[in-house]
Amino acid sequence: MAVPQIINTLTTKRNEIEAHIAELRRQLALAERDLSSVTAVLALYELSPTSQTRFPAYAHLNRLFAYGEMFGLCKAAIEAAGKPLTTREIALAVIHAKGWDEADRMLRKAVAYRLIQSLTRAATQGRIADAGRRKNVRVWALPPSNGVTSRTSSS
1 MAVPQIINTL TTKRNEIEAH IAELRRQLAL AERDLSSVTA VLALYELSPT
51 SQTRFPAYAH LNRLFAYGEM FGLCKAAIEA AGKPLTTREI ALAVIHAKGW
101 DEADRMLRKA VAYRLIQSLT RAATQGRIAD AGRRKNVRVW ALPPSNGVTS
151 RTSSS
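Residue numbering for the sequence shown follows full-length UniProt numbering, beginning at 1 and increasing consecutively.
Treat the hints as calculated values from the structure; they're not laboratory data. A virtual CB, placed ideally from N, CA and C, is assigned to each residue, including glycine. Among the hints, erroneous ones may be present.
Unchecked claim - Here are the simulated BS3-like cross-link-like pairs (lysine-lysine), alpha carbons at most 30 Å apart as the crow flies:
#1 Lys98 <-> Lys83
#2 Lys83 <-> Lys13
#3 Lys98 <-> Lys75
#4 Lys109 <-> Lys98
#5 Lys83 <-> Lys109
#6 Lys135 <-> Lys98
#7 Lys135 <-> Lys75
What the hints assert, rightly or not - Between beta-carbon pairs, the in silico distance windows are:
#8 Asp34 <-> Gly82: 58 to 68 Å
#9 Leu24 <-> Ala76: 34 to 44 Å
#10 Val41 <-> Gln125: 14 to 24 Å
#11 Asn136 <-> Leu24: 27 to 37 Å
#12 Ile17 <-> Tyr113: 19 to 29 Å
#13 Ala97 <-> Ala40: 17 to 27 Å
#14 Asp34 <-> Ala81: 43 to 53 Å
#15 Ala80 <-> Arg121: 20 to 30 Å
#16 Thr11 <-> Ala40: 43 to 53 Å
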C-alpha cells in the first residue's frame, strides 16, 4: 500500500524542523560562550571605588604555566597518544591536562599559538621533531632516539 503524499510531506517537514532546531541549539551554545567571554572582559574593566589603577592588569598565558610545563605537557600528550599529533590536538590535550574549558575556542586558539612558539623552539633544539603537515596543520612527533643525548663539538 502506498503512503499518502501528505504523510511524506509531513515527514519531510518534521525532519527539516528537527534539523533547524539542532542548528539553533548549536548557535545558542556558541552565543552563550561568546556572552561569557564578553562578560569576563567587562569584569576586567569594571572599576571599583577602591581601585587604584585605571586599567586592570592582564593575565598572560605564559604566566599560567610553570617554566617548562607546557613542553612537558606536549611531550606527555604525544607519548600518551603513541603517534604524532597536530598542534590542535596537542592544544586540546594541554587544556584537558590543566582542567580548563575544552569547548572555549579562543582559549584553544591562544594555547595553540603559544604551543607553536614553544614547539618550534624545541624543534630547533632537537627536543621534538617536526613531522610535517596534516590538513595544513603542523604535526609534531617525539625525536628519534638514536642514543645521542647532546650536541657534540668537533675540534
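Outcome of the hint check:
{"no.": "1", "hint": "Lys98 <-> Lys83", "in the structure": "holds (21 Å)"}
{"no.": "2", "hint": "Lys83 <-> Lys13", "in the structure": "violated (45 Å)"}
{"no.": "3", "hint": "Lys98 <-> Lys75", "in the structure": "holds (14 Å)"}
{"no.": "4", "hint": "Lys109 <-> Lys98", "in the structure": "holds (15 Å)"}
{"no.": "5", "hint": "Lys83 <-> Lys109", "in the structure": "holds (22 Å)"}
{"no.": "6", "hint": "Lys135 <-> Lys98", "in the structure": "holds (27 Å)"}
{"no.": "7", "hint": "Lys135 <-> Lys75", "in the structure": "holds (22 Å)"}
{"no.": "8", "hint": "Asp34 <-> Gly82: 58 to 68 Å", "in the structure": "violated (36 Å)"}
{"no.": "9", "hint": "Leu24 <-> Ala76: 34 to 44 Å", "in the structure": "holds (39 Å)"}
{"no.": "10", "hint": "Val41 <-> Gln125: 14 to 24 Å", "in the structure": "violated (36 Å)"}
{"no.": "11", "hint": "Asn136 <-> Leu24: 27 to 37 Å", "in the structure": "holds (31 Å)"}
{"no.": "12", "hint": "Ile17 <-> Tyr113: 19 to 29 Å", "in the structure": "violated (40 Å)"}
{"no.": "13", "hint": "Ala97 <-> Ala40: 17 to 27 Å", "in the structure": "holds (22 Å)"}
{"no.": "14", "hint": "Asp34 <-> Ala81: 43 to 53 Å", "in the structure": "violated (31 Å)"}
{"no.": "15", "hint": "Ala80 <-> Arg121: 20 to 30 Å", "in the structure": "holds (22 Å)"}
{"no.": "16", "hint": "Thr11 <-> Ala40: 43 to 53 Å", "in the structure": "holds (44 Å)"}
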